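Novice: Each chain, letter by letter, is given below.
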Amino acid sequence: NAGVTQTPKFRVLKTGQSMTLLCAQDMNHEYMYWYRQDPGMGLRLIHYSVGEGTTAKGEVPDGYNVSRLKKQNFLLGLESAAPSQTSVYFCASSTGGYSNQPQHFGDGTRLSIL
Amino acid sequence: DQQVKQNSPSLSVQEGRISILNCDYTNSMFDYFLWYKKYPAEGPTFLISISSIKDKNEDGRFTVFLNKSAKHLSLHIVPSQPGDSAVYFCAASGEGVNAGNNRKLIWGLGTSLAVNP
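Sequence lines, in order, name chains A and B.
Quick note: the first sequence uses the numbering used here, first residue 89, plus one each step.
Quick note: the second sequence uses the numbering used here, first residue 31, plus one each step.
Keep in mind that the hints are not guaranteed to be accurate.
Below 25 Å or equal to it, Euclidean Cα-Cα: the simulated SDA-like pairs (lysine to any residue) are [to be verified]: (1) 35(B) <-> 176(A); (2) 35(B) <-> 85(B); (3) 134(B) <-> 128(A).
To be clear, the hints were calculated from the coordinates, so they are not data collected in a lab.
Remember, predicted model here, so these are calculated numbers, not experimental data.
Given only the sequences and the hints, what does the whole structure look like? Please build it.
Specialist: Below, the structure written as structure tokens:
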């Protein structure tokens with residue numbers, strides 16, 4: 089069982105380039121999330137979605153856009169990558185909208201912006 | 031301003047002994063707490079949770095204790111096994127601690143546990 093799958097696992101970009109990170113889940117979860125993990129900081133929520141066709145801002149949304157055209161997919165876009173966006177990105181999904189519903193995570197995308 | 035603090039970056043214990051991982055929080059509105067476990071190159075995996083209406087929750091070798099007056103929770107692993115070696119994250123949520131209209135999780139920085147054979 090795949091659970092939450094993130095593509096790609098690694099990527100190196102130059103400043104100003106754009107790219108899209110893909111997250112796919114096969115658990116029929118309504119809620120999906122994008123986090124970033126940086127040294128010395130806990131996981132921080134970038135954007136999230138409460139269902140197909142919806143998106144909402146998290147704690148650190150600037151510089152990112154998201155789309156949830158299909159229930160199983162949640163895309164994170166960087167329109168013009170900056171070195172400050174070098175991070176490990178995690179996608180997660182959950183059944184319910186409250187944080188007491190355990191979130192299921194993908195294995196992460198390690199992104200470096202030069 | 032860390033609302034969820036895991037003050038021990040690392041912990042080392044012998045196989046078979048008890049591992050105790052600690053987590054302190056500052057926001058009195060937190061009413062639900064979760065522990066996640068993370069292996070290198072993998073995403074966090076949910077381990078165990080506790081609601082603020084309880085002071086203990088147990089699941090096999092894992093027990094979480096909550097002391098609301100001290101704003102402190104701990105995860106006990108008994109007995110510890112080498113496969114438990116991982117980074118453990120404490121996370122909390124509460125009424126009014128939101129991203130938009132929905133609750134969000136506030137994460138600690140993690141404690142790296144090494145269980146030695």
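Novice: Hint by hint, say whether it matches the structure.
Specialist: Status of the hints after comparison with the structure:
1. 35(B) <-> 176(A): holds, 21 Å
2. 35(B) <-> 85(B): holds, 19 Å
3. 134(B) <-> 128(A): holds, 19 Å
When each numbered hint is compared with the structure, no violation occurs for any of them.
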